[in-house]
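Visitor: Going line by line, the protein sequences match chains B and P. Sequence positions in the first sequence follow the numbering used here and run 1 to 182. Sequence positions in the second sequence follow the numbering used here and run 183 to 407.
It is worth saying that the hints were derived from the structure and are not from the lab. In this text, all values refer to a predicted model and were calculated from it rather than measured experimentally. For each residue, glycine too, the CB sits at the ideal point set by N, CA and C. Heads up, some of the hints might be wrong.
For the chain B half of the interface with chain P, some residues (derived, Cβ under 7 Å), not all of them [what the hints assert, rightly or not]:
no. : residue
1   : A23
2   : V25
3   : T27
4   : R34
5   : F54
6   : G100
7   : L102
8   : I103
9   : G104
10  : N106
11  : E158
Here are the simulated distance ranges between beta carbons [stated by the list, open to error]:
no. : chain 1 : residue 1 : chain 2 : residue 2 : range
12  : B       : T101      : P       : I236      : 32 to 40 Å
13  : B       : K178      : P       : S217      : 25 to 33 Å
14  : P       : A209      : B       : M107      : 52 to 60 Å
15  : B       : I97       : P       : Q189      : 20 to 28 Å
16  : B       : S159      : P       : V250      : 54 to 62 Å
17  : B       : D177      : P       : A216      : 43 to 51 Å
18  : B       : T101      : P       : T239      : 37 to 45 Å
19  : P       : S217      : B       : D110      : 44 to 52 Å
20  : P       : A216      : B       : T147      : 17 to 25 Å
21  : B       : N80       : P       : R233      : 23 to 31 Å
22  : P       : V250      : B       : K132      : 47 to 55 Å
23  : B       : K131      : P       : V250      : 47 to 55 Å
24  : P       : A209      : B       : T101      : 16 to 24 Å
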Amino acid sequence: VIEELSLALPLSRVTSSEIDLAALVETYSALLFRVAHSILRNQTEAEDVVQDVFVRVLENRRSLPAVRDMRVWLIRIAWNRALDRRRSIRPEQMDDIFAGTLIGSNMPADQAIDEQQRMKSVLRELERLPKKEREVLLLSALEELGTAEMAAVTGRSESAVRALLFRARTRLRERLDKGGTA
Amino acid sequence: VNQNSEQDIARVFAALRAAAPRHGREAMEQRLLASLKARAEYEATPTALWRRPIFWTAFTLAASCLLVLTAMHLAPHNTTQTIAAVPSSPTALSSRPDLAPNLSSRPKRSAVERPAVGTAPIAAEAALLADTNAPSHPAPPMPLTADERLLLRAARHTEQTSLAQLEPMPRPSARDSEDRAIEQFVKRNLASLALAESFNPTPATSAPNDPPTSNDTPAPNEPPN
Chain B
1 VIEELSLALP LSRVTSSEID LAALVETYSA LLFRVAHSIL RNQTEAEDVV
51 QDVFVRVLEN RRSLPAVRDM RVWLIRIAWN RALDRRRSIR PEQMDDIFAG
101 TLIGSNMPAD QAIDEQQRMK SVLRELERLP KKEREVLLLS ALEELGTAEM
151 AAVTGRSESA VRALLFRART RLRERLDKGG TA
Chain P
183 VNQNSEQDIA RVFAALRAAA PRHGREAMEQ RLLASLKARA EYEATPTALW
233 RRPIFWTAFT LAASCLLVLT AMHLAPHNTT QTIAAVPSSP TALSSRPDLA
283 PNLSSRPKRS AVERPAVGTA PIAAEAALLA DTNAPSHPAP PMPLTADERL
333 LLRAARHTEQ TSLAQLEPMP RPSARDSEDR AIEQFVKRNL ASLALAESFN
383 PTPATSAPND PPTSNDTPAP NEPPN
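Extracted from the complex, chain B is given alone in its bound form:
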C-alpha cells in the first residue's frame, strides 16, 4: 500500500517517508475522522484524534512496511485513541450539540424541539447499549468496513461481530419502541 501511494506522487521533492505520510493523510484522514467522530460526536476532538494517529504513524514510520493492512491498522489506532479521549469528555453534552445539528433550520419551533428530542433519545439509547454491541453498531453505521475489518478492529471473530451487530440493532429498536421515542 505504501509503495503504491509513493508512486502516486511522482513529482514530489520530499523524501520517501514524507511522501508516504502525505499520501496516507490524503487517503485516510476523512475515514479516520468519521471513525473518531462516531464515538466522540465532536468535530474538534475527532480532528485531534486524527492528528494523534498520524503522529503515531510518524513515530513508527520505520516499521510501516511491516504493517499488512494499513487501513485496519489506522482505523484501530483511531478507534482506541477515541475511546481513550472519550473518558475525559461528557458524551451527553456532545450529544446535545450533535442532535441540534440534525434538525433543519426551516422547521417550526415545536416540530424542531420534537425532532431534537427524538434524536437525543436515539443517541441516549445508543450509549446505553452494552459496550461490545455499541462499538460494533457504530462501526457498521459508517458503512465503510466489512465484517472482517470490524472483527480486526475490535479484536473479535467475524461470527461474534455478526451476532453482536444483530443483538445491538434489535435491542436498540426495542428500547426506542418501548420508550415511544418521546
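Place chain P on chain B using the hints.
Guide: Same frame as chain B, but now just chain P:
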C-alpha cells in the same frame, strides 16, 4: 412507532456517516501535514546532548559502574576487618586460647565469608594484632578525691597566703613578709610605749591571762612530753 424509530436510527447513522471536519477536509489535511512536517523537522534537528534520553541513560549507566567499582575497591578492606574479628587459622587459635573452645560451637559460615587460602598468614598476623587494633574507648570520668576537691577549691578561691600553705617554694618568703609586717607594726606603734616605759618602769608582774612560760611547771592534767 416502529417505522419512526427505524427512521430516527437511520437518520442518526446517516449523520455519523456524513460527518466532516469544521473547515473542510482539505483544510484539515493541510493542517495535519503542516503539524507533522514541523514535528519531523523538530525531530531531525540536533538537540543538545543533555536533552536526549540516551544521554541520561548513559549517565545512569556510568554512575552505576562507578558505584560498583568503588564498592569493589573498598571490599578487600572490609574482608580484612572481618577476618581480624574472627580468626580462623590454627596459628591464630593457638595464640588465642580463649577463642579455641568456641570453634565447635561457632555457627558454620557461608562460602562468601570464608577467606581465601593465600590469606592465612595475613589472618594470623591480623589475629595477633587484634587486641592492639581494637577500638579503644575512654574510661568514664572518676569522681574526685577529697584532696583533689580541696585543691580545686584552693586553686579557685584562695589568696597568696593560702596558696603558700600548699606549695613549699613561696612559704619562706611569705613567712618573712609576715615577720617584716610585725616588726614594722611594733616599731611604729610601740616605740612611744617603750620610751614611756623607760621613764616609768613598771614592776614585772605577769597577767593572769598570760600564757605560762617554758619555765613553768606543767599542769597536773597535762601528760609529760
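Visitor: Look at each hint and say if it fits the structure.
Guide: Going down the list of hints, with the structure as the test:
no.: 1; hint: A23; result: 11 Å, violated
no.: 2; hint: V25; result: 5 Å, holds
no.: 3; hint: T27; result: 10 Å, violated
no.: 4; hint: R34; result: 5 Å, holds
no.: 5; hint: F54; result: 6 Å, holds
no.: 6; hint: G100; result: 11 Å, violated
no.: 7; hint: L102; result: 5 Å, holds
no.: 8; hint: I103; result: 10 Å, violated
no.: 9; hint: G104; result: 11 Å, violated
no.: 10; hint: N106; result: 17 Å, violated
no.: 11; hint: E158; result: 21 Å, violated
no.: 12; hint: B:T101 / P:I236: 32 to 40 Å; result: 49 Å, violated
no.: 13; hint: B:K178 / P:S217: 25 to 33 Å; result: 47 Å, violated
no.: 14; hint: P:A209 / B:M107: 52 to 60 Å; result: 29 Å, violated
no.: 15; hint: B:I97 / P:Q189: 20 to 28 Å; result: 22 Å, holds
no.: 16; hint: B:S159 / P:V250: 54 to 62 Å; result: 57 Å, holds
no.: 17; hint: B:D177 / P:A216: 43 to 51 Å; result: 49 Å, holds
no.: 18; hint: B:T101 / P:T239: 37 to 45 Å; result: 50 Å, violated
no.: 19; hint: P:S217 / B:D110: 44 to 52 Å; result: 45 Å, holds
no.: 20; hint: P:A216 / B:T147: 17 to 25 Å; result: 37 Å, violated
no.: 21; hint: B:N80 / P:R233: 23 to 31 Å; result: 30 Å, holds
no.: 22; hint: P:V250 / B:K132: 47 to 55 Å; result: 52 Å, holds
no.: 23; hint: B:K131 / P:V250: 47 to 55 Å; result: 51 Å, holds
no.: 24; hint: P:A209 / B:T101: 16 to 24 Å; result: 19 Å, holds
The structure fails to meet hints 1, 3, 6, 8, 9, 10, 11, 12, 13, 14, 18, 20 from the earlier list, while all remaining hints are met.
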